[in-house]
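Engineer: Protein chains in written order, with full-length UniProt numbering: chain A, 1 to 511; chain B, 1 to 208.
These aren't lab readings, by the way, just hints derived from the structure by calculation.
These numbers come from a predicted model, not from an experiment.
Cβ atoms here follow ideal geometry from the backbone N, Cα and C, with glycine treated the same way.
Please note that the accuracy of each hint is not assured.
What the hints assert, rightly or not - Residues from chain B that keep clear of chain A, each with C-beta distances beyond 10 Å, as calculated:
1) I44
2) E62
3) R87
4) T95
5) E128
6) E129
7) A134
8) R135
9) K147
10) A149
11) E165
To be verified - Restraint-style ranges between C-beta atoms, simulated for each label pair:
12) B:P29 - A:G44: 19 to 29 Å
13) A:G84 - B:E136: 33 to 43 Å
14) A:S487 - B:E165: 36 to 46 Å
15) B:G170 - A:N400: 50 to 60 Å
16) B:D47 - A:E373: 50 to 60 Å
17) B:E162 - A:Y421: 52 to 62 Å
18) B:I46 - A:F367: 48 to 58 Å
19) A:E412 - B:E165: 53 to 63 Å
20) A:N451 - B:E98: 23 to 33 Å
21) A:P32 - B:R123: 52 to 62 Å
22) A:K376 - B:E162: 42 to 52 Å
23) B:S63 - A:G44: 16 to 26 Å
24) B:S63 - A:I232: 44 to 54 Å
What the hints assert, rightly or not - Restricting the straight-line Cα-Cα distance to at most 27 Å, the calculated cross-link-like pairs of lysine-lysine (DSS-like) are:
25) B:K182 - A:K480
26) B:K52 - A:K85
27) A:K85 - B:K182
28) A:K277 - A:K161
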Amino acid sequence: MLTRVKSAVANLMGGIMAGGSGAEHGGGSELPLRFPYGRPEFLGLSADEVECSADHIARPILILSKETRRLPWTTGYAEVINAGKSTHNEDQASCEVLFVKKKTGGANSTPNKNSTKRRSSLPNGEGLQLKENSDTDGINLYYWSLFDGHAGSGAAVVASKLLQHHILEQLQELVDILRNSAILPPTCLGEEPEHPAANSRTLTRAASLRGGVGAPGSPSTPPTRFFTEKKIPHECLVIGAIESAFKEMDLQIERERTVYNISGGCTALVVVCLLGKLYVANAGDSRAIIIRNGEVIPMSSEFTPETERQRLQYLAYMQPHLLGNEFTHLEFPRRVQRKEVGKRMLYRDFNMTGWAYKTIEEDDLKFPLIYGEGKKARVMATIGVTRGLGDHDLKVHDSNIYIKPFLSSSPEVRVYDLLQYEHGPDDVLILATDGLWDVLLNEEVAEAVTNFLPNCDPDDPHRYTLAAQELVMRARGVLKDRGWRISNDRLGSGDDISVYVIPLIHGNKQS
Amino acid sequence: IKIIVIGKWRLGVGKSCLLLQFTDKRFQPVHDLTIGVEFGARMITIDGKQIKLQIWDTAGQESFRSITRSYYRGAAGALLVYDITRRDTFNHLTTWLEDARQHSNSNMVIMLIGNKSDLESRREVKKEEGEAFAREHGLIFMETSAKTASNVEEAFINTAKEIYEKIQEGVFDINNEANGIKIGPQHAATNATLAGSQGGQQAGGGCC
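Chain A on its own, in the form it takes in the complex:
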């Protein structure tokens, strides 16, 4: 990603950025790191091993090979470092079994850190025995995450360590509501529910906390309503919790960057499994797909200057000062030349997906807000991804124009009900950073997986690990005289590549 940022800026300004320093805020390097750089905790690598793995020439594929280190659901994971574009592998990942414990105390009190206890700190294997146990005060949660960093590894490392705790914190308040699936979530906490008999415990408790309206044992007649009320299903509260958690994570990075060196930004792709449903949250250009019975079910979409063009153009139209008088929010098929002023040229604005002609004015000579095609498209010639975490200090090269207002930390969350389908051992959810998807189509990934898995013993604990390794291998390729090559002599990915292969059959067992 950094390379892309750099080359685009260099193209625009004719300058050369050294070492990505332009993307980090001044003096940041003197602050301590929030967390030391490393590879995902579950790989359990020593400092020496991390050093060995950062080999841009041999590009070793790292997998979870030790028996003692297993991920929940026998999830497979594999990663490989880039071919030299950045010193570190800037992808990060984490995977944990967590326990959402009911929040004790008032709804408005500061969340008690101790109440979000980590049920098992993988990878010690203990989490594997987790069952829907007799705990009445909480819910088990399975968590997988992938982050693709750019312009430094700081934000990705921080997010990989902390985002899950923000999710837990957001879910705490919802424990009773989510467990009570028979009754729709109350619109307003503290009011009498419409069917108090069925869930009096939950809501009267909430009510008593507010010390307000329905005290326990009060008459059960629902209050008369004179307006319509939206019915909000439970899963929408989980989606809301995840969305809030992303925002909180971004705010925390913003706050802490004044006391820590948290460099760069990152995309975030997170999967939460809660009460039989998978929630796939994506902010950035990583991707999740389900391969079920050989068929591809996309579980995310990418957020790039191209896919978010209209949002970005509209923002710039409403708040032109964000463009610093150097960019135009309009899009043209190519750069406009001075001699074309007064002529009619194709363009499109925020309200259009099609094209129209307009008379070229002086203002249209400015550099376009969004420029470039496909993987090369950039916002203000700087960044190729439009959602994620961090990047608070990212500016257009050699200017004081901040990029962050155009970036969103909000994920798109898709829900998949694990109970709707009886999954087989070859049905999997694939999560991967753009290093994989840049060179392989969904169908190629599905084909590789559906060819690979049936040839592995269904009871082999490494089955999904080897499938993940196979995918990374297919995207990295082999080093030939003319660089890394994959099948049909296509160019392999020189980017960091990280892949999870999550078997869905365990989801059925879970629930």
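Using the hints, position chain B against chain A.
Structural biologist: Here is chain B on its own, set in the frame of chain A:
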């Protein structure tokens, strides 16, 4: 200096055990089959110079060969390992050697290791056969036991010495990382650090 440990076998010829003995000074009779690549590192001193050896231990099974092949890149040395108690592991050496030569730097130092020398009673490959194979292909040869630690130090250190000599002779271009040699920061004029890894592909992941 990067050294890679090579060898192929289903049950393992003890590559991982050699590495563990060298880096951690311990022997682990039961070891998971290596299915990817594992790393070890140790500082040694040669000629008064601190040298960091990076050792890559690679999966030896046939099915991983396409993956492990790229790991020869940037290796300054390789340990080619067979099991003296299993003739078949010795018979496969030629294939491994060809693979290593084809995918590595032509100057890569290769040491042939006959492991499990503690199991004399079950020996199937005579020491002379190992010596002859090494002579024929221009390799250095040693018999080791990861279990008793016999010759393990020597195997790695001799390989490193050989690499070091080649560096002194100017055979390796130390400014090209693809040769598996990296000069560390010079803390003192006399203390140049060579970060090197021997890339040897070890066959099978099982141990000893």
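Engineer: Run every hint past the structure and note whether it holds.
Structural biologist: Now for the hints, and whether the structure bears them out:
no. : hint                        : verdict
1   : I44                         : holds, 14 Å
2   : E62                         : holds, 14 Å
3   : R87                         : holds, 28 Å
4   : T95                         : holds, 18 Å
5   : E128                        : holds, 35 Å
6   : E129                        : holds, 32 Å
7   : A134                        : holds, 25 Å
8   : R135                        : holds, 30 Å
9   : K147                        : holds, 21 Å
10  : A149                        : holds, 20 Å
11  : E165                        : holds, 23 Å
12  : B:P29 - A:G44: 19 to 29 Å   : holds, 21 Å
13  : A:G84 - B:E136: 33 to 43 Å  : holds, 38 Å
14  : A:S487 - B:E165: 36 to 46 Å : holds, 42 Å
15  : B:G170 - A:N400: 50 to 60 Å : holds, 52 Å
16  : B:D47 - A:E373: 50 to 60 Å  : holds, 56 Å
17  : B:E162 - A:Y421: 52 to 62 Å : holds, 59 Å
18  : B:I46 - A:F367: 48 to 58 Å  : holds, 57 Å
19  : A:E412 - B:E165: 53 to 63 Å : holds, 59 Å
20  : A:N451 - B:E98: 23 to 33 Å  : holds, 28 Å
21  : A:P32 - B:R123: 52 to 62 Å  : holds, 57 Å
22  : A:K376 - B:E162: 42 to 52 Å : holds, 48 Å
23  : B:S63 - A:G44: 16 to 26 Å   : holds, 24 Å
24  : B:S63 - A:I232: 44 to 54 Å  : holds, 51 Å
25  : B:K182 - A:K480             : holds, 23 Å
26  : B:K52 - A:K85               : holds, 25 Å
27  : A:K85 - B:K182              : holds, 19 Å
28  : A:K277 - A:K161             : holds, 23 Å
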